[in-house]
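Protein chains: 2
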Amino acid sequence: MVTDWTILGLLAGGITSAGFIPQLVRGFRTKKLDDVSYYMPLVLIIGMSLWLFYGVMRRDLSIVVANVVGVCCNASLLFMKKLYSRVDFEAG
Amino acid sequence: MVTDWTILGLLAGGITSAGFIPQLVRGFRTKKLDDVSYYMPLVLIIGMSLWLFYGVMRRDLSIVVANVVGVCCNASLLFMKKLYSRVDFEAG
Numbered sequence: 001m002v003t004d005w006t007i008l009g010l011l012a013g014g015i016t017s018a019g020f021i022p023q024l025v026r027g028f029r030t031k032k033l034d035d036v037s038y039y040m041p042l043v044l045i046i047g048m049s050l051w052l053f054y055g056v057m058r059r060d061l062s063i064v065v066a067n068v069v070g071v072c073c074n075a076s077l078l079f080m081k082k083l084y085s086r087v088d089f090e091a092g
Numbered sequence: 001m002v003t004d005w006t007i008l009g010l011l012a013g014g015i016t017s018a019g020f021i022p023q024l025v026r027g028f029r030t031k032k033l034d035d036v037s038y039y040m041p042l043v044l045i046i047g048m049s050l051w052l053f054y055g056v057m058r059r060d061l062s063i064v065v066a067n068v069v070g071v072c073c074n075a076s077l078l079f080m081k082k083l084y085s086r087v088d089f090e091a092g
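Line by line, the protein sequences are chains A and B.
For the first sequence, counting from 1, position 27 maps to 27 in this note's numbering; every step adds exactly one.
For the second sequence, counting from 1, position 90 maps to 90 in this note's numbering; every step adds exactly one.
Hints should not be assumed to be uniformly reliable.
As the list claims (entries may be wrong) - Within a straight-line C-alpha distance of at most 30 angstroms, the following computed DSBU-like cross-link-like pairs (lysine-lysine) qualify:
1. K31(B) <-> K82(B)
2. K82(A) <-> K32(B)
3. K82(A) <-> K32(A)
4. K32(B) <-> K32(A)
5. K31(B) <-> K82(A)
6. K31(A) <-> K82(B)
7. K31(B) <-> K31(A)
8. K31(B) <-> K32(A)
What the hints assert, rightly or not - Just some of the chain B residues that point at chain A, by a computed CB distance under 8 angstroms:
9. I7
10. L8
11. Y39
12. F79
To be clear, the hints were calculated from the coordinates, so they are not data collected in a lab.
Note that the Cβ used here is the ideal one computed from N, Cα and C, for glycine as well.
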């Protein structure tokens, strides 16, 4: 039954990680992320890194995969936010 | 040792869920969520609901708590986005 839970976990993790992709696409297209808080991706990176550690320690593949993708997505979002707000100091 | 992992998991879950709070606060203050994609909270709600199911099935308290809070935060974000874009049809 462990395999079934792993599949469910991977599906849950895949969908959760995929949630950040439309935000990345929107940001890339509009080159505007002013309404996105700096702290959201920042705090999510810290939290997801802890989840990653938790997943590794509990040997739970679903948690590991989901959070590796999640950290990458949020790091990209943070980078884009920084990049696009360089010329616009109002953004903060 | 299970208790230690539960504490780590709760910490990870707490921080990850807390990540959405600055976004909610920013949205509430500025009344603008134009740069936030509709699909991000929508897809996250679906993914986190699956995580919640996974957590219940695996009897993992950390996963359950983290995802209940996560679903609530993202539902609020989606509601705010819908509310604030009512008068601004450009937002989409």
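Status of the hints after comparison with the structure:
no. : hint              : in the structure
1   : K31(B) <-> K82(B) : holds (11 angstroms)
2   : K82(A) <-> K32(B) : holds (19 angstroms)
3   : K82(A) <-> K32(A) : holds (10 angstroms)
4   : K32(B) <-> K32(A) : holds (13 angstroms)
5   : K31(B) <-> K82(A) : holds (22 angstroms)
6   : K31(A) <-> K82(B) : holds (22 angstroms)
7   : K31(B) <-> K31(A) : holds (20 angstroms)
8   : K31(B) <-> K32(A) : holds (16 angstroms)
9   : I7                : violated (10 angstroms)
10  : L8                : holds (5 angstroms)
11  : Y39               : holds (4 angstroms)
12  : F79               : violated (16 angstroms)
Figure legend: structure checked against the earlier numbered hints; hints not met, in rising order: 9 and 12.
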